[in-house]
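Each chain sits in its own coordinate frame; assemble them with the hints.
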Amino acid sequence: MRITARRAAIIYALILAFLAGVGIFVVSLVLNGSEWASHKANRHIYAGGTIVNAGTIYDINGVELAKSSDNERIFAQSEALRKSVLHVVGDTAGYISTGTHYLYRDVLSGYSKIEGIYNLKQSGTGTDITLNIDSEANKIAYKALGDYNGAVAVYNYKTGQLLCSVSKPTYDIKNKPDDLLTNEKYSGVFLDKVISGIYTPGSIMKIVTAACAIENIPDIYSRTFECDGEYETGDGTVICNDVHGEENFEQAMNNSCNCAFAEISIELGAAKLKATAEAMGFNSQLYAKEIRLTKSRFSPSTESKSELGWAGIGQSTTLVNPSHFLAIMGAIANGGNGYAPDRIRSTGTVSQIVGRMPETIITIKPETAAKLNELLRSNVKNEYGDWKFENLQMCGKTGTAQIDNAKSHSWFVGYSQREDLPLAVVCIAEHAGHGSGVASSVSNKVMQYFLKEFTE
Amino acid sequence: MAETAARKPHFQQITVMTLMTAFQLICAACVLCRQEELSLTMVYIFFGYIAAEWIYMLIGALVTGNDYFELEAIAFFLSGIGLTVCASFSESYAIKQLIAIGLGLAVYLIMLLLIKDVHFASILRYPAAVGSVGVLALNLVLAQNINGTLNWIDLGFFSIQPSELVKVAFILVGAVTLEKLLSSVSLTKYIIFSLGCVGALFLMKDFGTALIFFFTFILIAFMRSGDIRTIALICTVALMGAALIIYFKPYVANRFAAYRHVWDFIDTTGYQQTRVLIYSASGGLFGLGIGEGYLRDVYAASTDLVFGLICEEMGLIIGLAVLLSFAAIAFFAIRSAKTSASTFYAIAAVSAAGMLLFQLSLNIFGITDLLPLTGVTLPFVSRGGSSMLCSWGLLAYIRAAGAPFEPPKPDIAVKKVQKAAPPKVKTKGGAAS
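Protein chains in written order, with this note's numbering: chain A, 1 to 456; chain B, 1 to 433.
No lab work stands behind these hints, which were simulated from the structure alone. Some clues are possibly wrong.
Cβ-to-Cβ under 7 angstroms is the rule here; a few derived chain B residues that face chain A [as the list claims (entries may be wrong)]: (1) Y68; (2) G283; (3) G284; (4) A327; (5) A328; (6) I334; (7) T343; (8) A353; (9) S361; (10) L370.
Facing chain A, a subset of chain B residues (Cβ under 10 angstroms, in silico) [as the list claims (entries may be wrong)]: (11) A253; (12) A257; (13) Y259; (14) D264; (15) S282; (16) L316; (17) A337; (18) I364; (19) F365.
Beta carbons: idealized from backbone N, C-alpha and C, even for Gly.
Next up, chain B with everything else stripped away, as it sits in the complex (with noise of 0.2 angstroms):
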């Protein structure tokens, strides 16, 4: 290990992961000091969780022979975040979030090796295209039943929000769909199965995550085509339509009221966002302290407002942390899509960080008045089970391209291709580019 340390810098994965754990107890002393009577059974969750990291980390260095563990370390430091969060709200919260995010990582391995291979993943989008489509379908008519807008169904134990699944076996079906089978029949059965989720999400009044779906959309053709002016054609038509909805069903609109006017709606459509400005405003650079703020006493504080809670208990300074990390797993999956053995591991790492990105955008700048506010979750951090197995099942696609410092690998997939279809690949391919 100390010789390929030598050879070129790479990730310091023993630095990292103590200075992790230094914050993570920082983090967990000071929600422990905060209670009356000390809870043993938070201590558990506290220390269950970095002994989790560490156990992780140093089976996967023994499996693997390697330590490329950048993407999962930001992942587990935002997840510790998040953890913290929920853990300063309540036992109950923590517990429950402690296992989310051991059911994401399950989720994440599992995702691994479902992808692993190129070929396998190809069969797996019927089921999970057929899966998407039908679990949406099924909310839509229980949302309806509901009487609510709420993109929920609730299992007794615990609700689901199924669009978040659903988002992972978006890019599984994107990417495979555009990778494998380029023919416009192909090509049409996806966009026909962008058009049902987009079109099922608006049904629900989940316009932020119909506004995910579509962007990943978008993307992944990007992707496969490499055309600007397609794109900028899909767009126009989208904005078309949205303001053909917002003509027609002019309350869609009136959801956004409050934009860019927050103040003026301070107790109404207004109250989440400027109580998300006035307490990040006032944790200044530092916090004021773990559980100190008001901020937490705002509905969905530890969900879609994790963000302004951060900001002021912990501070400014961790709250770009939280950001930058994002950036940082974007750029790790510009660099893995490069070193990828496949067309469909590229499209796959860039579209889950693109939808990262993308969902992180609406959620910050919606809390905090910069766009519209849609009311979608911050990746990891969020509290939510959902939510979590999402985040780190489209980690998963990230990872799978490769690690970001990791050597090329020989490009397999492409030889394959070539030799399996080539007429296919030289006519519609060459037409397409």
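So here's chain A without its partners, still in its complex pose (with noise of 0.2 angstroms):
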């Protein structure tokens, strides 16, 4: 009897694993509670696998680019702005995994780990999410673009938000085209280029290869280059845009001179040039806050002379995200501190009054950068023309980047140099010929409007 007794406590042992479990199941309802209420399966958020319930989505000044009501998702009045927003905003059903309507479901749905999704479900509304975008800058980039394909971000260097940020192609959200899965004119529709597309960067790259021939050649402010249209590698041929003569380094940027930059690159070799680029944030893993970014790519030819030449001016294997690119330019003109670009201003009340911090993704040496920013204004006074960025003290380098049997992508990276305008730029017009032409336009196009809006 006593013994039996005794031997009941065996219970004891089977109430403490019964708690362990439940101890397991209440901590993990903790930890992943906000990513399963916020499932595309929670019919109080969602219907038929579209956001239904949810907070709403504002511009920067404020303009309601998405909400609900009445079990229905409502988007902005004009459909340029719907187009123009498309990818920041998202579509409803997360075909679009960048897009604020996907990435931050947990917080549009107003999941509180007290509450659940109690508010949701009363006011049939989450939490509201401000963004840093200006809608108006969106469409004003999205008409520029016209009929070519591509991406265009603008960013505050100084405190990284994301102000305007375009991908083509888009769609109107409220009027899905029946077609957006068979059209080869939607191809990529889905994909957010600012963020996840990566481009061969043409000349752009000449950027990277002079930093690093700045910090490796002590002598290349009074070195003069040679170009003759075409340059010899020993095993190969890098061709050039022209004929530019004799020209000292700098005179070679404002040029563009591939003859020039092919010589810089193999002086370097494929070493050097990695690890500026790789310090600059090449072929590694970069988040623009909580949205990660494609991996720029850089792996310059050991073998190759050529291929190594081709790679130092941005051909052969070398591929650029827009988003990462434009941190770079960050950098640049920030004094060497780059700034993720950030595309959330706020998400609920908490954060309104604490506001988000900056985070730097990619830094540069401040000498590095000093030079690299008279390089690139000298490319702008001297070759572009201030005429064509009226105004704007503006920085810059364009690109032409070639592809094989197909028209060149036309890339524009750049910032202003003002101090009431601190703001950089990056357009990538997809097969839109020479960077001087389109890629330079549209962003002279979002900075005027920016302009704008800074000093009146």
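Dropping the structure here:
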């Protein structure tokens, strides 16, 4: 009898095991609750796989980009606006995986560990999100791109705020085209190219090569280069865009001379070039705050001199991500400290008060940054012309990325030196030809809008 | 009564009843307010239930002269939540559930009477054993006829799940057999009986219930022998058996393929578990409100998944209160076992508590993907008559051992056993321990 009573203590072990299980459940509920509650299968938030009840998404000026009303998701009024902000706002079914709808679905659901999604249930709307995006600027950039696909992004290099972010092709979320998944013109439509795109950089890569030269060739500024339209590497030829004759380093940069930069690249060698590029964020996983960027890739050939030369001028296997390059421009403009472009201004009341801290993702030595700054300013002043970027005190670099069997991509990366306009811009227009054409013009249009916004 | 309360701290029956009534009134209000037209039947159901609780407690106190009703209070609390869930679905669910609770209470009282006397209980084991095997065999035949893997017998008016009733008998047979006649013959008989039950359930593909029986068998065996090595041996053999089954019948394993990967099978075999997780998280601590949830639209929401539904609509706090109630029942069972008058009661109480707790674990950890989903009910709370009868029947074993805060009873049974058959106990008992 007494023995049996003692053996009853086995139940204690059972109770303990049970409570441990309950503990595990509660802990995983606390840890994963927001992910679980904001899952696509949650009918409080989604209907038929698309978001119906969630917080409002505002742009920086308080324009409603998406909101919920009567179990329906309502988008901005104008079609151009809806198209231009599609990728930052995101679709409601989560196809655009970098869109705010999908990426911040837990926030939008209004989930809290204490109340679950009670607020959403009561009000039909969750936590509101305010973006840094100025939807008007997006509209301008979208229109400026015209028929070209590509990406445009503008950010404040002193705060990291991403003010404009457009990706094309796009579609109207309110009147979703029936042939969205079949029509060739919509290929890649769910990709936000600002975040997930990678492109051959062309001459904008010369900024990285120049940085490497500044840091590794002490007499680079007293060198002269000879360009006769072609540069023989011994195992191949690098072809230049023109015959530039005799030029110094700054002129070579202004001319975007392939001969000079191929020569510099070969002198530096693959290892040093790669080291500089990797210090600037190539080949590593970068995050623009919560958003994962596609990796920029740079692996110059150690075998072939001509391939190395081509890599140094942004061809060969080199690929860059627009957001990453925007942060590089930010670093140059901001004295070496490149902030991550941050799309979000606030998520809910707390972050409205506290604000979001900028986060450095690219660091360049201040001396190098200063010299690059001079070179980029010289590009605009001496080569492209300040008349192209009226009143902007623009610094920048164009790029013409050569693609096999197709028209080149047009690139422009740059920033304004004005104290009252601390903005950097990146633009890629696919198959639009020279960088001095479409990309420069689009960049200027968006920057002019911000100039008005910032100074008036 | 005031004197006893002053002498030692014990269960404050009136306070608990008042609080519980308040809770149940709030539940009733939540359900009633959601109805488009106030249904009088629903009002009667709730008030009838609350009145029944009070009447039971008051009469009980008058008859027994004490108020050791903590177990019943817990069972009423749990059943009340189950009733609320049923009422939030439909009136007919609520009526059926109320009847089930009433029958459960009747089973409870009858059981208490039947096993009041150890000798009478020991006689009962033959009909219980034969009846159990018979009913399972019948079930097996009928279930095959209906082409189902379901463990149900449809009687037209209502359907019953025989394995639920067998659970109650299983403990009686086990506890009596091992308490009274500790001969290898009776032990063998009990093992054969257990194998029969577990085997029948396996053939019905009701693995969850089979597992519960197996676990209870182990528990009873341990209570009697105290031999960890034997238990370990039995478990090893069982595990090997399970491995063999999975090897030869891979579809058995397929049923559990979603285990720990429910999010990969979100619209197939992980459907229920993922929905439980999604909606439990949605509920937060305080819930979205009774009737406001979406888990209720998922299959088996009021039966197997009822814990998830409680978390979503009433909140995690009440969900945890349900779970802790069972821990309290098990805790009381240990205390009762220590004060019980006979080994029979101690074994029965402990195995009943173990069975309840084990079934609860299979249920809530199954639907939340911490264990494989086996489709067993949440005792007292899940909708369904058979489960309710079984839960109250099991509770009777715990109560029969004595109230947890009751002073120890004189040790009758041991004396009687020693008087009746001293040589048997000395030789075999000594060998066993």
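Checked hints:
1. For the restraint placing B/Y68 at the interface with chain A, the shortest Cβ-Cβ distance is roughly 19 angstroms, beyond the 7 angstroms limit, so the hint is violated.
2. About 5 angstroms separates the beta-carbon of B/G283 from the nearest beta-carbon of chain A, less than 7 angstroms, and the hint is met.
3. The beta carbon of B/G284 comes within 3 angstroms of a beta carbon in chain A, closer than 7 angstroms, and the hint placing it at the interface holds.
4. Residue-level restraint check for B/A327 holds (minimum Cβ-Cβ distance to chain A is 5 angstroms; threshold 7 angstroms).
5. Hint on B/A328 is violated. Least Cβ distance to chain A is approximately 9 angstroms, over the 7 angstroms limit.
6. Look at B/I334: its Cβ gets to within about 5 angstroms of chain A, closer than 7 angstroms, so that hint holds up.
7. At a threshold of 7 angstroms, the smallest CB-CB gap from B/T343 to chain A is about 5 angstroms, leaving the interface hint in force.
8. About 6 angstroms separates the beta-carbon of B/A353 from the nearest beta-carbon of chain A, less than 7 angstroms, and the hint is met.
9. With 7 angstroms as the threshold, the beta carbon of B/S361 comes within range of chain A, its nearest partner Cβ sitting at about 6 angstroms, so the hint holds.
10. With a least beta-carbon distance of about 6 angstroms to chain A, the hint placing B/L370 at the interface is held under the 7 angstroms criterion.
11. The interface hint given for B/A253 is violated, since its Cβ lies 23 angstroms from the closest Cβ of chain A, which is over the 10 angstroms cut-off.
12. With 10 angstroms as the threshold, the beta carbon of B/A257 stays out of range of chain A, its nearest partner Cβ sitting at about 19 angstroms, so the hint is violated.
13. Of the supplied interface hints, the one on B/Y259 is violated, with its beta-carbon coming no nearer than about 15 angstroms to a beta-carbon of chain A, more than 10 angstroms.
14. The criterion of a C-beta within 10 angstroms of any C-beta in chain A is not met by B/D264, whose closest approach is roughly 13 angstroms, and the hint is violated.
15. Evaluation of the B/S282 hint against chain A yields a held restraint, the C-beta minimum of about 5 angstroms falling below 10 angstroms.
16. Interface restraint check: B/L316 against chain A, minimum CB-CB distance 7 angstroms, threshold 10 angstroms, status holds.
17. A distance limit of 10 angstroms between C-beta atoms decides the matter here; for B/A337 the minimum to chain A is near 4 angstroms, and the interface restraint holds.
18. Against a cut-off of 10 angstroms between C-beta atoms, the interface hint on B/I364 holds, since the closest Cβ of chain A lies about 7 angstroms away.
19. A hinted interface residue such as B/F365 counts as satisfied when its beta carbon comes closer than 10 angstroms to some beta carbon of chain A; here the least separation is about 5 angstroms, so the hint holds.
Taken one by one, the earlier hints fail for this structure at numbers 1, 5, 11, 12, 13 and 14, listed in ascending order.
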